[in-house]
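Quick mapping for you: the protein sequence lines, in order, are chains A and B.
The opening residue of the first sequence carries number 1 in our numbering; numbering runs sequentially from there.
The opening residue of the second sequence carries number 1001 in our numbering; numbering runs sequentially from there.
These are calculated hints, taken from the structure and not from any lab test.
Some clues are possibly wrong.
[Stated by the list, open to error] Now the stretches of chain A that chain B is said to cover, found in silico as 3 or more residues with beta-carbon under 8 Å:
(1) 152-158
(2) 248-261
[What the hints assert, rightly or not] Some residues of chain B that are not near chain A, with every Cβ distance over 12 Å (derived):
(3) Met1007
(4) Leu1021
(5) Glu1097
(6) Lys1135
(7) Asn1148
(8) Gln1157
(9) Glu1254
[Said to hold, decoys possible] Counterexamples of contact, computed for chain B against chain A with all Cβ distances above 12 Å:
(10) Ala1087
(11) Val1117
(12) Asn1270
From a predicted model like this one, the values you see are computed outputs, not experimental measurements.
Note that the Cβ used here is the ideal one computed from N, Cα and C, for glycine as well.
Protein chains: 2
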Amino acid sequence: MKSLIDMSTPVGVWLTEELSLVSRVLFEHLINKHPDVNTLCNELATYKGKMLRPSLLLLSWRVLHPDTETPQSVRVAAGVVELIHLATLVHDDVLDEADLRRGARTINSLRGNEAAVMLGDYLLSSAFLLCSTIKNPDLNLLLGEVTNTLCAGEVVQLSNRNNMDLTQEQYFQIIHDKTASLIAASCEMGGVLGGGNEVQIRVLREFGDKVGTAFQIKDDLLDLLEEENLVGKPVGRDVEKGKLTLPVIVFLQENPDIKSVLLDVMKSGNTKTLREILHSAGSIQTTIEHVNELVTTAVDGVMGEFEGPTVAQMCVMVAGLQTN
Amino acid sequence: MKSLIDMSTPVGVWLTEELSLVSRVLFEHLINKHPDVNTLCNELATYKGKMLRPSLLLLSWRVLHPDTETPQSVRVAAGVVELIHLATLVHDDVLDEADLRRGARTINSLRGNEAAVMLGDYLLSSAFLLCSTIKNPDLNLLLGEVTNTLCAGEVVQLSNRNNMDLTQEQYFQIIHDKTASLIAASCEMGGVLGGGNEVQIRVLREFGDKVGTAFQIKDDLLDLLEEENLVGKPVGRDVEKGKLTLPVIVFLQENPDIKSVLLDVMKSGNTKTLREILHSAGSIQTTIEHVNELVTTAVDGVMGEFEGPTVAQMCVMVAGLQTN
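Build the full structure now, drawing on both the sequences and the hints.
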């Protein structure tokens, strides 16, 4: 995926600088008096991605304050949502028994499941501690609610492993809970810290919700479609782990009579054949269209409420999710 | 271990009623819109113990307000510390690969490590959410700090598995971080919610710190000394998991010349022989004396600052830790 930041604009330059400050806040906050903890946290370097959540938090704040110096509380909150995200990645990799992430070995593969469980807990706890330093009770409440939603989403996803009757409604609920909720909360937090009114905060939240949903559908699609070296992690894991994703659900819904054929292909782990079937039935195209529609609706919503270069950067960031 | 509450006093009766209200707060808070989450939380019933942490929080509040109706915020905070404790138990059992707790099967043994990891995360997150509903930023900060300490303690303990050179200082730091810190924070939270002054809060915190340390040394001792049916969980796990506990550290310190003999006995997993060696060398007696001294100092400290039936109940609770 190409960079999500348009560096030809002042907003892009601002965002890049702010993200580097957020990284510093985050990693300095993780420093512990026990060297064993620091050694473990150092392994996180490879987990650092594009920082979508902090970016959207920062931009959501900035649409309300295009000409103000960024307050430290906004950077801290951006660090908080990234920490929560890192915690979920570390525990997800334990759950998925994943060995690779972004082309590097996972914490569980390097240091064992036990260390990965404890590191995830430390990150989760550090996120709450960092959020509490802002001393804004509404923000703590928002964070508590979204992490509860995330965890519940993971539990529901786990309970539905190998559920070959998973409905679209269930799939959307799971990806809302485990992914979109945190992205929506990131936008909402930016709005809350920016002192936005009820409508502005709702618009930002809904933008994040749609973007987050599109993002997860796209991520699931990459697992199915891409080659390993492009994704930086093994592909076809969802099929292997009995996780139904949108193209498969769409296919099963439209072709209930050949359900057993598809399930046999999935069980055999033949991702190539699976791709061909889903391609020729149009299920992959339907999924791509769904992503594109979500992105379009998200952009329309936020452009209807805000204007200027900040919201333009938000839309550039999101446009990267669209595929053809 | 016998009941820690003296039911012949009004404070004992009050505490019993309050603990039942705290349990209700806690389990109602865990109810989720997703039935899968509730099913998993229902497995927690067997994890419910004597509720030492909420008891000490309630009593610490009450020493400052012996004649006031208990505010709901105190019960909520008591539920928060118990939730944190439950979260650590669930993740500890994953780390220890434990099959039994309090005579019943553990969550990891019943539902798998993955579900146990997610349940622990859900409990941790629920604790933060519940704490945030009190809308007291100091309390959130205190909670964030203590959970960070707990997690760091677990990481350090994990890093020191099979470290046969663990010093007393390292051992005390680990048990402070992973156990005493939460018990100390429970007492401190009671003091903070009770509006105690600086000295009162410090005395309560130090009481919890000493009690918590005594509690963990005693717990480690039970793992070594007791028969399985008395403890409700398999014994000798510490030896098996390469965790040095106080009697062994004391022995190694006093008998460095026969270190290899003791390590061979530990490696062989012969808990009976280990007990005999530690008994005859007096290391178990030294450990018991240490517990008793901690309890005496804790009681003296809190009795020097407070008086009346509430502090008496605190001391009764703690006296149960003493052994002869």
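Structure-based check of each hint:
Using a Cβ-Cβ cut-off of 8 Å, 5 residues of the segment 152-158 of chain A lie near chain B, which meets the minimum of three, so the contact claim holds. For the segment 248-261 of chain A, the proposed coverage by chain B is not satisfied: 0 residues have a C-beta within less than 8 Å of a C-beta in that chain, short of the threshold of three. Listed as a non-interface residue, Met1007 (chain B) keeps its Cβ farther than 12 Å from every Cβ of chain A; the least gap is roughly 36 Å. Taking the minimum C-beta to C-beta distance to chain A, about 21 Å, the non-interface status of Leu1021 (chain B) holds against the 12 Å cut.
With a least beta-carbon separation of about 9 Å from chain A, Glu1097 (chain B) fails to lie farther than 12 Å from that chain, contradicting its non-interface assignment. For Lys1135 (chain B), the condition that its CB be more than 12 Å from all CB atoms of chain A is violated, with the nearest at approximately 4 Å. The beta carbon of Asn1148 (chain B) is not kept farther than 12 Å from every beta carbon of chain A, the shortest such distance being approximately 5 Å. Some Cβ of chain A comes within 12 Å of the Cβ of Gln1157 (chain B); the nearest lies about 9 Å off, and the non-interface call is violated.
With a least beta-carbon separation of about 27 Å from chain A, Glu1254 (chain B) lies farther than 12 Å from that chain, consistent with its non-interface assignment. The beta carbon of Ala1087 (chain B) sits about 8 Å from the closest Cβ of chain A, which is not more than 12 Å, so the claim that it is off the interface is violated. Its beta-carbon lying about 6 Å from the closest one in chain A, Val1117 (chain B) breaks the requirement of being farther than 12 Å from that chain. No Cβ of chain A comes within 12 Å of the Cβ of Asn1270 (chain B); the nearest lies about 26 Å off, and the non-interface call holds.
Checked against the numbered hints given earlier, the structure breaks hints 2, 5, 6, 7, 8, 10, 11 and satisfies all the rest.
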